[in-house]
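Q: Below, each chain spelled out in residue letters.
There are 2 protein chains.
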Amino acid sequence: MPSPYNLEVEYNCGECRVRAERLFCNMATSTVTALDSVKFTGLYPKGSLLFVEGEDPRGVFILCSGRAKLTTSSTEGKTLIVKIAEPGEVLGASATILGKPYEVSAETIEPSQLNFIKRDDFLKFLGSHADACMHTAQQLSEKYHSAQREIRSLGLSQTTSEKLARLLLDWCDRTGEETTRGMRLKVLLTHEEIAQMIGTTRETVTRLLSDFKRKKIIDVKGSSMFVTNKPLLEHMVSV
Amino acid sequence: MPSPYNLEVEYNCGECRVRAERLFCNMATSTVTALDSVKFTGLYPKGSLLFVEGEDPRGVFILCSGRAKLTTSSTEGKTLIVKIAEPGEVLGASATILGKPYEVSAETIEPSQLNFIKRDDFLKFLGSHADACMHTAQQLSEKYHSAQREIRSLGLSQTTSEKLARLLLDWCDRTGEETTRGMRLKVLLTHEEIAQMIGTTRETVTRLLSDFKRKKIIDVKGSSMFVTNKPLLEHMVSV
DNA sequence: GCCGCCGTGTGACTGCAATCACATCGACTC
DNA sequence: GAGTCGATGTGATTGCAGTCACACGGCGGC
Chain A
1402 MPSPYNLEVE YNCGECRVRA ERLFCNMATS TVTALDSVKF TGLYPKGSLL FVEGEDPRGV
1462 FILCSGRAKL TTSSTEGKTL IVKIAEPGEV LGASATILGK PYEVSAETIE PSQLNFIKRD
1522 DFLKFLGSHA DACMHTAQQL SEKYHSAQRE IRSLGLSQTT SEKLARLLLD WCDRTGEETT
1582 RGMRLKVLLT HEEIAQMIGT TRETVTRLLS DFKRKKIIDV KGSSMFVTNK PLLEHMVSV
Chain B
1402 MPSPYNLEVE YNCGECRVRA ERLFCNMATS TVTALDSVKF TGLYPKGSLL FVEGEDPRGV
1462 FILCSGRAKL TTSSTEGKTL IVKIAEPGEV LGASATILGK PYEVSAETIE PSQLNFIKRD
1522 DFLKFLGSHA DACMHTAQQL SEKYHSAQRE IRSLGLSQTT SEKLARLLLD WCDRTGEETT
1582 RGMRLKVLLT HEEIAQMIGT TRETVTRLLS DFKRKKIIDV KGSSMFVTNK PLLEHMVSV
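Going down the list, the sequences are from chains A and B.
Quick note on numbering: the working numbering labels position 39 of the first sequence as 1440, and the sequence is numbered without any gaps.
Quick note on numbering: the working numbering labels position 94 of the second sequence as 1495, and the sequence is numbered without any gaps.
Keep in mind the hints are simulated off the structure, nothing from the lab.
Watch out, some of these pointers could steer you wrong.
Identical copies carry no separate label here, and so any pair may be met within one copy or between two of them.
Unchecked claim - Pairs of lysine-lysine, DSSO-like flavour, derived with a Cα cap of 27 angstroms:
1. Lys1479 with Lys1631
2. Lys1447 with Lys1484
3. Lys1484 with Lys1501
4. Lys1484 with Lys1470
5. Lys1631 with Lys1501
6. Lys1470 with Lys1501
7. Lys1616 with Lys1501
8. Lys1525 with Lys1617
9. Lys1484 with Lys1614
10. Lys1470 with Lys1617
11. Lys1587 with Lys1525
12. Lys1614 with Lys1525
These numbers were taken from a predicted model, which means no experiment stands behind them.
The task is simple: from the sequences and hints, build the whole structure.
A: Printed below as a string of structure tokens:
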């Protein structure tokens, strides 16, 4: 299938091969059919703004493939990255359900496939398909869960190095690959973006990472980072 | 009706007079009947621990009357108050739905009435009553929304005074009464607890409040606080 | 009355991280 | 090769808030 952005596209949810693995999408055949009839499949290049904080909710985006960053900004221009959304997540659900403005902005950081559902259609869909409603509740629970983790990290960390340690450990759990040299992480974010994830400045991130390298906690080779002393990282967050 | 803790109790949801005002409880008669058959009504004194962070989810608590604080703690003993829950809120829903440990602890800070529903019963109840499932999704959306506010406050504030200003403005919106001397707030929390809400220390809260008094932004009379210069507070958070 | 407890008010000191400023380095354009 | 641009590395300075220490006042118990 020819497709832009080198992306494998699936226009038909009924035929989607990864559907069963997805918390939200894994639903009864009849429900999937209903989903297919209201959704709009779109391909988005890196850097596409899906919605902006404060905007009235138009509907939800189901992230089929690719990744998106969810951010919130202060009026002074300081930006906080709340979460990096992974495939299978539903974006904008809470605002759409409540009819309140989007509480974050969403921007793709990779070429991505998204299925958009208009607000009215989505609400009707949830009302008439119990399993979809249940899966939405699960999605929202997941979102709340990860927001709670973020709150812990921001509110309970004594120092910035503790926040960074928390972030790296999070990455190990989520995307780390075990190797003989320690956990390997693909660092796809700049120091600036890492800073925005833990609420600090770019310079501090650079300094702390140098520090970690000096202390042999991590080892950076190109865009790969090896966590060579995970226990020490864990010690930094718990004590 | 004689009742402990000077609390007006309603054992029967079907007869509850405030039900229609509650986001979650406002559901079809048949659904309420089902709810009544699985819930356990309990009265709890101030300081009751409903559940503890990290514990496996036993079920959900519907806060009928009273208030509860939701907290998360670090291993060093530092505590962060995530939210003060108000009547109508459902506590522990996300953990119960996902089957993951409670992400926060819940403790009553006033004598409270709560309806408890066991995990299995709650999941069955949601599965068989579409409106209850929808209302749960709304509750979860609200929870996510307020968690997002907390993240903004913790992550984007440059200084502690900004966080405190944010908190006071929040209180104005939520429980403030307009008076000729400015918004009146009932301060039911100690400086220690305020500190735990914004992730700082007791001393800093005392100092900042003195500061605000000196600058004629607030005026404290007993357990009442008058916000006499709200625009200045707003200026502190946006610049 | 006395005592103890808890919440509050303040001073002195210190350290971490924000800020500003500039250097370096790689990639890509022209 | 010169020039630009974004990302990274590093030094010097400063200020905010955490920490420790102690004083004061109200309130309940006895």
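Q: Hint by hint, say whether it matches the structure.
A: Results of checking the hints against the structure:
1. Proximity of Lys1479 and Lys1631 under a CA criterion of 27 angstroms is satisfied inter-copy only: 23 angstroms between copies versus 31 angstroms inside one chain copy.
2. Taking the shortest alpha-carbon separations for Lys1447 and Lys1484, only the intra-copy value of 16 angstroms comes in at or below 27 angstroms, while the best inter-copy value is 36 angstroms.
3. Taking identical chains as interchangeable, the C-alpha atoms of Lys1484 and Lys1501 lie at most 27 angstroms apart whether they share a chain (20 angstroms) or sit on different chains (20 angstroms).
4. Within a single copy, Lys1484 and Lys1470 get their C-alpha atoms as close as 6 angstroms, and across copies as close as 25 angstroms, so both meet the 27 angstroms cut-off.
5. Taking the shortest Cα distances, Lys1631 and Lys1501 sit within 27 angstroms of each other only across copies (24 angstroms), while inside one copy they are farther apart (41 angstroms).
6. Taking the shortest alpha-carbon separations for Lys1470 and Lys1501, both the intra-copy value of 20 angstroms and the inter-copy value of 25 angstroms come in at or below 27 angstroms.
7. For the identical chains of this complex, Lys1616 and Lys1501 are neighbours neither inside a copy (47 angstroms) nor across copies (35 angstroms), given an alpha-carbon limit of 27 angstroms.
8. For the identical chains of this complex, Lys1525 and Lys1617 are neighbours neither inside a copy (55 angstroms) nor across copies (51 angstroms), given an alpha-carbon limit of 27 angstroms.
9. Taking the shortest alpha-carbon separations for Lys1484 and Lys1614, only the intra-copy value of 25 angstroms comes in at or below 27 angstroms, while the best inter-copy value is 38 angstroms.
10. In this homomeric assembly, Lys1470 and Lys1617 never come within 27 angstroms of each other (Cα to Cα): the closest approach is 30 angstroms inside a single copy and 41 angstroms across copies.
11. Proximity of Lys1587 and Lys1525 under a CA criterion of 27 angstroms is satisfied in neither setting, with 40 angstroms inside one chain copy and 41 angstroms between copies.
12. In the homo-oligomer, the alpha carbons of Lys1614 and Lys1525 never lie at most 27 angstroms apart, since the shortest distance is 53 angstroms inside one protomer and 51 angstroms across protomers.
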